[in-house]
Amino acid sequence: MEDGNRVSDTTTHDLGLDPQDHEEFMLEPVPKQARRPWWAMFVIWVGFGYVPTGLIVGGQLAGQGGNAGMTFGEAVTAIVTGQGLLVLLTFALGLAAMNTGLNLSLISRISYGKKGMILPMLIMALLTLGWFASIVGMVGEIFDVAFGELTGITLINNLTFEYVLMCLFWGAIFTWSAWRGITAIEKISGGAAPFVLIVAIVVAIMMINEFGGFSNVLAEANTRSGMSQGTGVTIIIGAWIAGVIMGVDIFRYAKRAGHVLIGAAACFVLTNPLLNLIGYTGSIATGDSNFIAWMVTKGALLTALGVILWVLALWTTNMSELYCNALYVGPAAESAGFRIHRSKIVVTVGILGTILGALGFYSYFFGDFITILGAAFVPLAGPILADYYVVRKQEYFTADPNAMPPVRWPAVISFIIGAVMGIVFQYWMPLPWDFPSGLGALMITFVLHLVLSRLLSSRPEQQQVVTEGFVGPMRKAGV
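So the sequence shown is residues 2 to 480, counted in our numbering.
Simulated from the structure, these hints should not be mistaken for lab results.
Here the structure is a predicted model, which is why all the values come from computation and not from measurement.
Treat each hint with caution, since some may be false.
[Unchecked claim] Label pairs and their in silico Cβ distance ranges:
| # | residue 1 | residue 2 | range |
| --- | --- | --- | --- |
| 1 | 123 | 435 | 30 to 36 Å |
| 2 | 173 | 66 | 30 to 36 Å |
| 3 | 192 | 435 | 37 to 43 Å |
| 4 | 258 | 203 | 33 to 39 Å |
| 5 | 428 | 298 | 35 to 41 Å |
| 6 | 185 | 464 | 38 to 44 Å |
| 7 | 152 | 448 | 56 to 62 Å |
| 8 | 196 | 216 | 25 to 31 Å |
[Claimed, not checked] Taking lysine to aspartate or glutamate pairs in the EDC-like style, the calculated list, with each CA pair at most 16 Å apart, reads:
| # | residue 1 | residue 2 |
| --- | --- | --- |
| 9 | 299 | 211 |
| 10 | 345 | 335 |
| 11 | 299 | 289 |
| 12 | 116 | 462 |
Ideal placement from N, C-alpha and C gives every residue a C-beta, glycine not left out.
Please take these sequences and the hints and turn them into a complete structure.
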């Protein structure tokens, strides 16, 4: 690959082509000319953050279904702690993306090696595929709940014909949106985000009033118990850690560090904590954290509004899942020796995810999916953070990601150990003081990467790479 800016200028800006024509900068840095304004980061992250898992997590904190839960004060503490940690992680990764213009795959080539990055990127591809399939299923489910079994036809896994049809239809819409690229994500999120937030707040107030007011909700909430702070924080982080890591692929379009902070805050200070609280209070007031389910019992108008709200909220999230998936699969395939165009990846994975969603992936696997995410895959970011901020920051600006050695073992080894430890901490050996298992594994991975980098510093693959003529896009601006 040539100079990242020279390639970008020639293929997109000098010729006036749309970014999607050259694969959304899948294998090169995003140049300064293609960076987006602060409000784009804001609306994208509000839209990205509005996913029903925020409601589900709120319900889990409330002990929905007779399970262990938390009092309102304990839940607020867990939300503030968990979301605060997510802001810090998102900003740290997003700042690296903004400074280098590199997507997650290209950043990982420097920390993990050109072929070493295949493992973490395939894991991210699997995770985003799982999220895409789950969200497709969520859309099908709300149509099923709202309009019932009109045909009376039941297909495999006791799924209705209407559910499967809506999954296939909206899966195709989500796939088309992801194929359109970052500009489509920005436009759809910008239109949907304000509407979604306003309606969510209004409906939450209506549910609380129906229960007799906030004092009644608070009194009932204070009877909930049995869940530790560590478990609550782990649930919150687990629900969003994949999104935090995916943030690299969005923040590479940011112009300034302040814009990264605005995006992170839009998701983890505004949108997601709000959903956690609405899910918590909704679970107390109605027995269901998903306020859309309450809306569809309140007449045709609220039913229609609820379905529209649900689809818009999931649309803004799911096209980002598929958009990022292609940015993991494409570079991983290129590192393995063959090139796949982004559009083909989007369509193929979109079809696969739509089929999985229509088969009920969401209903059967979603709960375990989130738990494993929080425990095992948080450490994926450890080597990147340690490498960028401590071990070899300069290399991220002066080295062509294509010129990396095949494998940088400190990152690969530390990630594998961290992932295993995350599972061990979650299921067999809980950490003291209810410390979140995923965060504990991340800290181990971070430190282990530093230690291994020092111990293996004399190995050829650990030497700093400088590519003649390559200068990162923001480096030219003196960053």
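Hints and how they fare:
no. : hint                  : result
1   : 123 / 435: 30 to 36 Å : 32 Å, holds
2   : 173 / 66: 30 to 36 Å  : 33 Å, holds
3   : 192 / 435: 37 to 43 Å : 41 Å, holds
4   : 258 / 203: 33 to 39 Å : 35 Å, holds
5   : 428 / 298: 35 to 41 Å : 38 Å, holds
6   : 185 / 464: 38 to 44 Å : 42 Å, holds
7   : 152 / 448: 56 to 62 Å : 58 Å, holds
8   : 196 / 216: 25 to 31 Å : 30 Å, holds
9   : 299 / 211             : 12 Å, holds
10  : 345 / 335             : 14 Å, holds
11  : 299 / 289             : 15 Å, holds
12  : 116 / 462             : 12 Å, holds
In terms of the numbered hints stated before, the structure departs from none.
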